[in-house]
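Listed below are the residues making up each chain.
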Amino acid sequence: NAGVTQTPKFRILKIGQSMTLQCTQDMNHNYMYWYRQDPGMGLKLIYYSVGAGITDKGEVPNGYNVSRSTTEDFPLRLELAAPSQTSVYFCASSYFPTEAFFGQGTRLTVV
Amino acid sequence: KNEVEQSPQNLTAQEGEFITINCSYSVGISALHWLQQHPGGGIVSLFMLSSGKKKHGRLIATINIQEKHSSLHITASHPRDSAVYICAVHSGGGADGLTFGKGTHLIIQP
Numbered sequence: 005n006a007g008v009t010q011t012p013k014f015r016i017l018k019i020g021q022s023m024t025l026q027c028t029q030d031m032n033h034n035y036m037y038w039y040r041q042d043p044g045m046g047l048k049l050i051y052y053s054v055g056a057g058i059t060d061k062g063e064v065p066n067g068y069n070v071s072r073s074t075t076e077d078f079p080l081r082l083e084l085a086a087p088s089q090t091s092v093y094f095c096a097s098s099y100f101p102t103e104a105f106f107g108q109g110t111r112l113t114v115v
Numbered sequence: 539k540n541e542v543e544q545s546p547q548n549l550t551a552q553e554g555e556f557i558t559i560n561c562s563y564s565v566g567i568s569a570l571h572w573l574q575q576h577p578g579g580g581i582v583s584l585f586m587l588s589s590g591k592k593k594h595g596r597l598i599a600t601i602n603i604q605e606k607h608s609s610l611h612i613t614a615s616h617p618r619d620s621a622v623y624i625c626a627v628h629s630g631g632g633a634d635g636l637t638f639g640k641g642t643h644l645i646i647q648p
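Residue numbers (our numbering), protein chains in the order written: chain A, 5 to 115; chain B, 539 to 648.
Each hint should be verified, as a subset may be incorrect.
DSSO-like mimics (lysine-lysine), calculated; alpha carbons at most 30 Å apart, straight line [what the hints assert, rightly or not]: (1) A:K48 to B:K606; (2) A:K48 to B:K640; (3) A:K13 to A:K48.
Simulated from the structure, these hints should not be mistaken for laboratory data.
Pulled out of the complex, with its shape left as it was, chain A reads as follows (with noise of 0.2 Å):
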């Protein structure tokens, strides 16, 4: 099983450039996250989905957009990449209310 697995591991995007980070899970769970960590922060909730074809917002939704077409992926798109979205992506997976199953992360730099 490869669990949770996020592309790219690393990006630097110019100002105003779009970018989609992709997640996949390979254990049929229903549950699907993604945070964002910021240094000295929390992870905060971007958008959840709790099936294919459901999604909702988080905590911290401007400026992203998800879908969610299979179990299985579940894509985070930055339309229009400002600074602030300079940070550490997380995606997770789970069957809620279990143990949750990272990704290792996608650091994003925004210049």
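With chain A fixed as given, assemble chain B onto it according to the hints.
Quick look at chain B alone, frame taken from chain A:
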């Protein structure tokens, strides 16, 4: 909104010492997680608790629901235990993710 506070924020100890990290939260929860994050690395789930105590190897996690408090203990600490330990809670019955503490940065010196 649940507030999750961890203490201490930073902890440096000698190899072999008994380590305690504390977590308190403001609103009733359905479950509490302890997570481990190594520098530059991903996040690994250590425990999920809704009551009582759990043990895995040298790690012990306890929770007191009435006092809204949890502790993570490490016995016979080792330099490889150096990491950030994060407390996170599920509030209520919804699937809307976890609320996280800011983490405790632990360094175990040989």
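Status of the hints after comparison with the structure:
no.: 1; hint: A:K48 to B:K606; in the structure: holds, 21 Å
no.: 2; hint: A:K48 to B:K640; in the structure: holds, 10 Å
no.: 3; hint: A:K13 to A:K48; in the structure: holds, 19 Å
This entry satisfies every hint, going by the numbered hints stated previously.
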